[in-house]
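Number of protein chains: 2
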Amino acid sequence: MVVHQILVLAVEVRFLQGQRKSGIQEPLFLCYHVIFCWDATFFPYFCMVIIIASMDSKGILYLIPNKISEAPLDDVVPQRLVALVPTIKHYIVEDVRTVRRYLRQLNREVDIDSTTFYELNKHTIDTDISNYLDAAENGENIGLISEAGLPCVADPGNVIVAMAHRKGIKVVPLVGPCSMMMALMASGLNGQNFAFNGYIPIDQPERTRKLRDLEARSRKEGQSQIFMDTPYRNNRLFDDLKATLSPQTMLCIALNITSDDEFICTKSIAEWKREKLDLNKKPCIFII
Amino acid sequence: MVVHQILVLAVEVRFLQGQRKSGIQEPLFLCYHVIFCWDATFFPYFCMVIIIASMDSKGILYLIPNKISEAPLDDVVPQRLVALVPTIKHYIVEDVRTVRRYLRQLNREVDIDSTTFYELNKHTIDTDISNYLDAAENGENIGLISEAGLPCVADPGNVIVAMAHRKGIKVVPLVGPCSMMMALMASGLNGQNFAFNGYIPIDQPERTRKLRDLEARSRKEGQSQIFMDTPYRNNRLFDDLKATLSPQTMLCIALNITSDDEFICTKSIAEWKREKLDLNKKPCIFII
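Chains as they are written, first to last, in my numbering: chain A, 52 to 339; chain B, 52 to 339.
What the hints contain is simulated information worked out from the structure, not anything from laboratory work. Some clues are possibly wrong.
The list makes no distinction among identical chains, and a pair is therefore deemed to hold if it is satisfied within one copy or across any two copies.
With a cut-off of at most 27 Å between alpha-carbon atoms, the simulated DSSO-like pairs for lysine-lysine come out as follows [said to hold, decoys possible]:
#1 K318 with K218
#2 K173 with K293
#3 K324 with K218
#4 K261 with K318
#5 K271 with K261
#6 K118 with K140
#7 K218 with K293
#8 K173 with K332
#9 K327 with K109
#10 K324 with K140
#11 K318 with K109
#12 K332 with K261
#13 K333 with K218
#14 K261 with K327
#15 K324 with K118
#16 K293 with K318
#17 K118 with K261
#18 K332 with K318
#19 K271 with K173
#20 K173 with K333
#21 K140 with K293
#22 K109 with K324
Sequences and hints are given; from them, build the entire structure.
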């Protein structure tokens, strides 16, 4: 009998951990106990389960990908994300308005009015964010969402994740569209060794120097170099690449990824010089 | 009337291109024509549509992500992938057996017996692959699938994609799990500048030299360095990292990503030295 009860206890602890991971909270597992395990002899074990569960009572920081085009959401995010968002009541976001719209589009069951948003952008002061993970410390789950694509990739969300690790809060990344990886896959360039360099410097001569350095590293180390620019400067960057790089260097241009007019093409600089292409204000990834 | 017919023609060409993208093939659009546009005066336009459609009659090379754990597929791939796979009759794969099982798991409507598989692995000779894209040249879609995660990332599938670009075959990357990006997001380390270095050299002294080089680059350029080893050598790599790197260097260990026992944690080398952790034979990403 004791062995049986210990077994039930072990299964319950495992079950509680699973529930916490899936975002279902305390009330449901209390019901489970009352319905399936109510028995006077079980009472001390029931208390032990509550104690063990409360020992690991922190919430989870979920890293929630955002869309990167107006493609249907079924095309770019898994069902898990759709089911998860209504269970989360705290979101750390770059812009509240766009995330509200995105959450409603993901799942109509999201109750925006009962959701708390914390802004993380260039206007946020470091001291502001110190309490952003308080909800997770109190056992509630938090979502971190960026403006487009994967959070913490090409955006400064990693300060929140680093804080979560320091506080012992579990961090769970979710699957979603990532423009630089989709560009890399479809480029035909080396995907076994690559670097993402973020935004290219705006001013000369640093801009030209950076492009030359990336070309040298790509050639010397066989390391594909991924980079981008603010969309309204894309045409200028395309011109700079044609003027700066060697005619033999292969350049991949990946435009409007996941949208209907997605365009991904790899050609030599010499071939690109013969092409007309308007990249202005379109999301674009460059790879050499 | 002529304007009206030209408009219908334009809509149809757009419609055909959309159908091709979504993998629905000729029979459906022929029905569409007969039902909606059958009229003697439309006949020359109908012929023009067929000619225009056949001008762009190449198939698409879809880059299809594979799972990276035994998690339910709904957790890690979007619905688009599930709907797409039964429409594709040609797959380029590393191992036919595992891909067959994966396709059946994705969608029971996949008819394995009418599907052709082309193997691309270390036993494939370069001359073998020259005809791998023939089906796409003849207007049929092809899927490229790797053993785990995104095709062409940390595997040599990019030779096929490069061939597709040379032949003018459209390449469409799809969304799925990518262990190194999920590890990076959840590491709290710099996601605005990072490099993936693939597998660490096995033999000394290159192994130690490589680890020192990666640490120097991570520190000097602020560029997160992602790398991995064959799973049965993970514990040796963990020991080598503790022995080689500076005590202050932050190391992220990301284990069993997307599975129930996912573990992602970032600590200093000094802190890791006080921990016991068994990484043997588990898929693991390291980031410094």
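Which numbered hints turn out to be false for this structure?
2, 10, 15, 17 and 21
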